[in-house]
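Enquirer: Protein chains in written order, with this note's numbering: chain H, 188 to 427; chain S, 188 to 427; chain E, 188 to 427; chain V, 188 to 427; chain R, 188 to 427; chain L, 188 to 427.
Honestly, I wouldn't trust all of these hints.
Note that the list lumps identical chains together, so a pair holds whenever it fits in one copy or between two copies.
As a list, the in silico SDA-like pairs of lysine to any residue whose alpha-carbon atoms are at most 25 Å apart [said to hold, decoys possible]:
(1) K243 <-> A365
(2) K292 <-> G268
(3) K410 <-> Q398
(4) K243 <-> E296
(5) K209 <-> V357
(6) K410 <-> W237
(7) K293 <-> S394
(8) K209 <-> G220
(9) K293 <-> L426
(10) K293 <-> E392
(11) K243 <-> K420
(12) K410 <-> E392
(13) K292 <-> R279
(14) K410 <-> Q388
(15) K292 <-> L198
(16) K410 <-> T261
(17) K410 <-> A397
No lab work stands behind these hints: they were computed from the structure.
Number of protein chains: 6
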Amino acid sequence: MRPSGRAVDSLRSIVLEPGYSKHAEGSCMARFGDTHVLCTASIEERVPGWMRGGGKGWVTAEYGMLPRSTHTRTDREAARGRQSGRTQEIQRLIGRSLRSVTDLKKIGEIQIRLDCDVIQADGGTRTAAITGSWVALYQALARFEKLGLGALPPLTDHVAAVSCGLCDGVAVLDLDYAEDSTAQADANFVLTGTGGIVEIQGTAETSPFAQAQFMELLALAQKGITELVALQKAALASLR
Amino acid sequence: MRPSGRAVDSLRSIVLEPGYSKHAEGSCMARFGDTHVLCTASIEERVPGWMRGGGKGWVTAEYGMLPRSTHTRTDREAARGRQSGRTQEIQRLIGRSLRSVTDLKKIGEIQIRLDCDVIQADGGTRTAAITGSWVALYQALARFEKLGLGALPPLTDHVAAVSCGLCDGVAVLDLDYAEDSTAQADANFVLTGTGGIVEIQGTAETSPFAQAQFMELLALAQKGITELVALQKAALASLR
Amino acid sequence: MRPSGRAVDSLRSIVLEPGYSKHAEGSCMARFGDTHVLCTASIEERVPGWMRGGGKGWVTAEYGMLPRSTHTRTDREAARGRQSGRTQEIQRLIGRSLRSVTDLKKIGEIQIRLDCDVIQADGGTRTAAITGSWVALYQALARFEKLGLGALPPLTDHVAAVSCGLCDGVAVLDLDYAEDSTAQADANFVLTGTGGIVEIQGTAETSPFAQAQFMELLALAQKGITELVALQKAALASLR
Amino acid sequence: MRPSGRAVDSLRSIVLEPGYSKHAEGSCMARFGDTHVLCTASIEERVPGWMRGGGKGWVTAEYGMLPRSTHTRTDREAARGRQSGRTQEIQRLIGRSLRSVTDLKKIGEIQIRLDCDVIQADGGTRTAAITGSWVALYQALARFEKLGLGALPPLTDHVAAVSCGLCDGVAVLDLDYAEDSTAQADANFVLTGTGGIVEIQGTAETSPFAQAQFMELLALAQKGITELVALQKAALASLR
Amino acid sequence: MRPSGRAVDSLRSIVLEPGYSKHAEGSCMARFGDTHVLCTASIEERVPGWMRGGGKGWVTAEYGMLPRSTHTRTDREAARGRQSGRTQEIQRLIGRSLRSVTDLKKIGEIQIRLDCDVIQADGGTRTAAITGSWVALYQALARFEKLGLGALPPLTDHVAAVSCGLCDGVAVLDLDYAEDSTAQADANFVLTGTGGIVEIQGTAETSPFAQAQFMELLALAQKGITELVALQKAALASLR
Amino acid sequence: MRPSGRAVDSLRSIVLEPGYSKHAEGSCMARFGDTHVLCTASIEERVPGWMRGGGKGWVTAEYGMLPRSTHTRTDREAARGRQSGRTQEIQRLIGRSLRSVTDLKKIGEIQIRLDCDVIQADGGTRTAAITGSWVALYQALARFEKLGLGALPPLTDHVAAVSCGLCDGVAVLDLDYAEDSTAQADANFVLTGTGGIVEIQGTAETSPFAQAQFMELLALAQKGITELVALQKAALASLR
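Bound-form chain H, shown alone (with noise of 0.2 Å):
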């Protein structure tokens, strides 16, 4: 029995609202249960220093938490003037992820940068995070549209993640805070509408697992990504 009360193979209650904010080209709040990312996609007319002139596009991606979106507070790290290895190792992922999907070539020289800040966290705040950025990617690269860029934003396919554990022995899919800070092992599997793998990341958190565990993470994640890329493409429906 799950902590949540959910089959092993359920997703929390998964909200995705395009278009949260007034100002951003795109943006999508993601809630995965009561873990809420505000994800949003600026464009910017210029790329980093070294993709001058090379005619491609760049896709990035920062992460933050509020201060008091964890349970105890935790520190603000504008505050302490740098920002953990834990974010950059998040938000690395996040622009991979989603550079993974766009046309970089086709966007030509301009920059989209991802913000996804966690305004409450209870567990699996970089797959939220991958998911609604996919959709505020959507919708900024959608402005482009207008502007005669094509018929369809350059994204060669949706993107989304989300994480599996083990938990007392059990795969289960998309962990809450409750399972996440005390399962076994748990992994991050981002994947495309198609099925093809992006990223994995799995770690053993308390003794090494086995082959044969790993690919029951796997299948979970498999059904989960389906679901949500069916919310994507819901999401992008009420943006029209």
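Since the structure of chain H is already known, use the hints to place chains S, E, V, R and L on it.
Expert: Same frame as chain H, now just chains S, E, V, R and L:
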């Protein structure tokens, strides 16, 4: 005629939503029109080092803006590695304002940290932050009451804040971004529920102003604060 | 009775010594009693990046305290690796104050940096810094005149500053440290030579104060600024 | 055909040289072909603050590259004043990997710091670092045995790491720089001596990959780790 | 002929003004011609952590330059967020020099911080700082005597410093900026009152120099230090 | 009797191994007994901003210690976020020393960065760094020759360094850690192949020393440098 169509002495639509955060001891989403600031109050059992053993508590504040809360994206302070002078100025103001109505001796050696994070900005973020923080602080302190601290939270009064400015030569209340960015002068007023002055910060933006004009701004502020305090009272009622 | 024996509306002994620095284009040692602030004005041929090509100049300020300018030693900000919030607040105030009387279009694309370094502190360092900076700025701009820029330096007016406060319930002018550290409320006023208000920063230290009290402080400030402006004029005369 | 002429399932020439450092409690120069990583283990008598009094020990890691370990010079992180996200990601991975086979309760309240410094880089520095760190850690803990801690160092198993990738559509083992910089996908596997999975980090570089391809990479890794563990055992034998 | 018209073995006009600071336990404004360095000595009741419990005191120094102490403005180190290598080198030298004549056991577990701030620079700031710091340190320690520490301050000797250099092939004493910036070689000498060598730092600027030339510089330094020590004695006399 | 059993005028066993690094344009592992410093020279096509357009090149150096190069572990500077004063002092010394024998006009607008990383420390790391850097620099510049720059690399002379000190009242050559940590005084000498003095840094550690003692140290240094220069020549021969 103001850009928003408001009367010169009209506040924007104000919504104070207490208990917004699942984790914080106290919280309030303060919406002044399109300016949305999430205020949380976190109780910590330790006061800063220089206060230990003095038997008194402390109230302090931190302030931040989500990178895309603004019209164009603002660099993330955590990524830049330092808080701007503006940020520090604002968070010092919030802290002083709330301490002015807190009986630090009564709360004992605990520290309450107010985090004011701007989710969306449209002018007046610091005044929304102060007004919402009072609600968050009240809610956090009310938890103390339940622990037998006494009949009422140790707040000596309400405190709220509003900006006023000279736009096209006319004194107006509660500037939004369109006004704030073009005002001849503006001033932030922090007043108590009984009308006492806690802070005044007046700045000539385009040219020095006269004492009589300053008096007009102060009168508008007094009217606005009266309304904000009534809204704080209504917000508390909704908490019970 | 004030600790210094001064009348409630008396400034400390003020000395403005222009040309104190051998190297700077403009300089003034401003002594407000035992508060000594060295103000220098340095002319740079480049404006900040965001201003280039706009045809306008810029005036900015930095502020610092020698570690042992204070009663007990204060950590050196260069060693701590960051400027405090207080420092940034003060240097932003100095910059705004001096810009308010500078015709930035007339000076063309140059930047003038004001450095205000507290050699010895006894209360009121920011007001001494503003008052002395005006003299340093004038001297630096006068060099421009010699280069044929025009008949007069492009300053539109004098600007000077003074603090006032409520001590033992009485409004007094130009607080020294003994008063500053125990005042019920204090306010810094930055006014022009013609009495225009540039900045007002009023803060209740121990308890909120009333509008009538604030009016008393403002009246004292106006008297004090008149005297400071006369001293600035005398200082300029000594330059010729 | 691989650039190095190796078979798809061949490791590079691996040399693990324990006791390389005169001063460290444990050390190993790990050479994976032209990738040379010096791993040292330093025993400290204090655990981090958050662990004190818990009776458990800690193992942590830091990672760095000499500026000219790389093909073109990389800026020195100490001079830039911050560790990159990549550095932090790698050192967190090394720490987790080694903790997974350390009995933290048995070692008591001591901390072992692993320093992995890349003397020369040619791909796979993190896998060399993990594989070499296990030897350094073993040697450091063996000193404990001599102090009567027990019959064997408190390591529950071997741990080693290797990268695999898809190059020109073919799965290959232990990528060197020429392969790493052009691979379609690559993954780092951290496995125990008994085949348990400790960490998997798989990333699509140019396009998403399929589950079957991932299985091929995992199989190669299992073969490689078996060989690396044998080399660790041989290295330990040389220590005696 | 030297730019200043001085004889090759002449010091600049030297003024040591003890007791310059109102607040510091000891202070001295040291003027070597147009080089003006304010030296203060602050007594702290705590030694650094690594010294606690050892029964010994510590003397340390910090050094800074006002931004416009120099011919053209130098960036403020507090604003840049780090002290330059030059600053650190100089403050380490000052600290070592003064510790060489302080009986650290006799002063007990207190720390004396010397702050050397360059108000105006014209070459030789570090030598002025050392020479003036000795006076400031003496004055601070004399306060101890009054508290019954003993008959004399626990300084074992005088210490003073001077620079010498090769200019146009000639050895000269006490370089000013005009000489310093064009010298073939220069050296800083820190000597005690009895002629003992505390520090020698000689550097070839434009070409290596010979042993015989170095001996000439040392002889000049010995003459200069004798005069500086006499001036220190005269400064102390003025303190009584 | 020296701890190492060496004669007072004997160097440690010195090994200069050129071409140690696979990637760097020039490199040398310099071993002075148990002190091992890897020196690399990297050619960059851009000089620092302040030199551009001047037609001259630049040579600069950075220095670092691996955390466990020392007897007990030293904190990693990259993790602490700043280089220590000692590090900056040493790297400035290395840079000045190598520039003193480089014809910066002949090399044109390129920059050569020397990285000196201490793999293992046992006293005298800066002298090993300078001595080895000369070899690395020579090797890097020799690559220029092959590109038709001229018949010989644009080095005007050898440069090498050694430390000498007073131990138990006796002057000795090339201190190791055991001597360095207990010496009464020590000095680092940087001399050219023709005996010219480039840098002298002498410091009294426990008590001031006399001119005659300093002369003894200098004589020892001259003997040692002669031997080091011969070893540099032999190392170059091995490069051909």
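Enquirer: Now look at each hint and say whether the structure bears it out.
Expert: Here is what the structure says about each hint:
1. Only between protomers do K243 and A365 lie at most 25 Å apart by alpha-carbon distance; the minimum there is 24 Å, versus 43 Å within a single protomer.
2. For the homomeric pair K292 and G268, neither the shortest alpha-carbon distance inside one copy (35 Å) nor that between copies (32 Å) is at most 25 Å.
3. Proximity of K410 to Q398 under the C-alpha cut-off of 25 Å is found in both arrangements, the shortest distances being 19 Å within a copy and 14 Å between copies.
4. When the C-alpha separation of K243 and E296 is checked against a cutoff of 25 Å, the pair qualifies only within one copy, where the shortest distance is 5 Å, while the shortest distance between copies is 31 Å.
5. For a Cα distance limit of 25 Å, the shortest separation of K209 from V357 qualifies neither inside one copy, at 43 Å, nor across copies, at 28 Å.
6. Taking the shortest alpha-carbon separations for K410 and W237, neither the intra-copy value of 39 Å nor the inter-copy value of 39 Å comes in at or below 25 Å.
7. In this assembly of identical chains, the alpha carbons of K293 and S394 lie at most 25 Å apart only when taken from different copies (16 Å versus 45 Å within one copy).
8. Taking identical chains as interchangeable, the C-alpha atoms of K209 and G220 lie at most 25 Å apart whether they share a chain (24 Å) or sit on different chains (12 Å).
9. Taking identical chains as interchangeable, the C-alpha atoms of K293 and L426 lie at most 25 Å apart only when both belong to the same chain, with a minimum of 23 Å there against 51 Å between chains.
10. Taking the closest pair of Cα atoms, K293 and E392 come within 25 Å of each other only across two copies (18 Å); inside a single copy the shortest separation is 41 Å, beyond that limit.
11. Taking the shortest Cα distances, K243 and K420 never come within 25 Å of each other, neither inside one copy (27 Å) nor across copies (49 Å).
12. In this homomeric assembly, K410 and E392 come within 25 Å of each other (Cα to Cα) both inside a single copy, at 24 Å, and across copies, at 24 Å.
13. In this assembly of identical chains, K292 and R279 lie within 25 Å of each other by CA distance solely inside one copy; the values are 20 Å within and 34 Å between copies.
14. In this assembly of identical chains, the alpha carbons of K410 and Q388 lie at most 25 Å apart whether taken from the same copy (17 Å) or from different copies (21 Å).
15. In this assembly of identical chains, K292 and L198 lie within 25 Å of each other by CA distance neither inside one copy nor across copies; the values are 35 Å within and 36 Å between.
16. Neither within a single protomer nor between protomers do K410 and T261 lie at most 25 Å apart by alpha-carbon distance, with minima of 33 Å and 38 Å respectively.
17. Taking the shortest Cα distances, K410 and A397 sit within 25 Å of each other both inside one copy (21 Å) and across copies (15 Å).
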